[in-house]
Amino acid sequence: MAQTYHRERRSIEPAPNPNAWMITFADLCTLLLTFFVLLFSMSSLNDRAFRNTFQNFSKATGILAMKVDERVALRPYRLMREMVKSLADLEKLDIASLEKVRRAERIKDDDAQRMISGNAIWYEELENEAGFSFILGQQLLFESGQAVLNPKAHPILEKLAQFMKSGFYAIYIDGHTDDVPIRSERFGSNEELSLARAEAVMEYLVVRCGANPKLFALGGYGSSHPLVPNVAGSQKAVNRRVELIFHWNPA
Numbered sequence: 009m010a011q012t013y014h015r016e017r018r019s020i021e022p023a024p025n026p027n028a029w030m031i032t033f034a035d036l037c038t039l040l041l042t043f044f045v046l047l048f049s050m051s052s053l054n055d056r057a058f059r060n061t062f063q064n065f066s067k068a069t070g071i072l073a074m075k076v077d078e079r080v081a082l083r084p085y086r087l088m089r090e091m092v093k094s095l096a097d098l099e100k101l102d103i104a105s106l107e108k109v110r111r112a113e114r115i116k117d118d119d120a121q122r123m124i125s126g127n128a129i130w131y132e133e134l135e136n137e138a139g140f141s142f143i144l145g146q147q148l149l150f151e152s153g154q155a156v157l158n159p160k161a162h163p164i165l166e167k168l169a170q171f172m173k174s175g176f177y178a179i180y181i182d183g184h185t186d187d188v189p190i191r192s193e194r195f196g197s198n199e200e201l202s203l204a205r206a207e208a209v210m211e212y213l214v215v216r217c218g219a220n221p222k223l224f225a226l227g228g229y230g231s232s233h234p235l236v237p238n239v240a241g242s243q244k245a246v247n248r249r250v251e252l253i254f255h256w257n258p259a
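By my numbering, the letter at position 177 of the sequence shown is numbered 185, and the numbering carries on one by one without gaps.
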């Protein structure tokens, strides 16, 4: 009787590549490099530019985006003009665009000094046309080194508060100082002083004027964001300020 023999089949597999781990390691290094580049980019991004950029994401509405953009371009400009007109009714108050202030600061004549005096308010439109800002000089709001509101600032804030009750704007209140270090038992740094001043402005708008506290966000930047170089006394006066930044926020 014939015998049947079965030959065992063995699969021939290639030997594992000892360098395969380098592919995964290279991917990991690439991801880490991307992560740290993003961290560096965000840390060096101007705060206002960061706000303006991400403000657009909250307004994205698909196929209706063009209509929203048209509203953003028109309404803030009109409201800013209405607010400027309202503030112009107040006595002994100089109102000018921030660009005029920067030009006047370089001229150094009598009109320029009046334009950058303590009783001054400056305004400007934001770059992406999604809002505007009002800049109030420190001498209009506070005594030197203090964070208690000056009574002469009350009518100004009350005028501004009338335009805040619609709820269509998110409002950033940012305090700023010049580069002279503060020497005070209450405030350990210029950043603390600038933040306390922003808080004082918000408290008056909310408590005394009835503005919605959910509309506000505060910032205290000390001397880190000057409008003009801190060289002469008039330039330092321009940099001591509180900014109210209005962002279109209909949601």
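Rather than coming from a laboratory, the hints here were simulated on the basis of the structure. None of these values were measured; they are calculated from a predicted model. It cannot be assumed that every hint is accurate.
Now the in silico label distances, taken between C-beta atoms and shown as ranges [what the hints assert, rightly or not]: (1) Gly241 / Phe43: 41 to 49 Å; (2) Ser94 / Val188: 28 to 36 Å; (3) Phe171 / Ala240: 47 to 55 Å; (4) Ala34 / Arg191: 48 to 56 Å; (5) Gln243 / Asn158: 54 to 62 Å; (6) Ser197 / Arg86: 37 to 45 Å; (7) Phe43 / Arg191: 56 to 64 Å.
Straight-line C-alpha distance at most 25 Å; calculated DSS-like pairs for lysine-lysine [claimed, not checked]: (8) Lys244 / Lys173; (9) Lys160 / Lys173; (10) Lys222 / Lys167; (11) Lys93 / Lys160; (12) Lys173 / Lys93; (13) Lys222 / Lys173; (14) Lys167 / Lys93.
Note that the Cβ used here is the ideal one computed from N, Cα and C, for glycine as well.
Practice task
Compare the structure with the hints numbered earlier in the document and write down the numbers of the violated ones, lowest to highest.
Solution key: Structure breaks hints 3, 5, 7 and 8.
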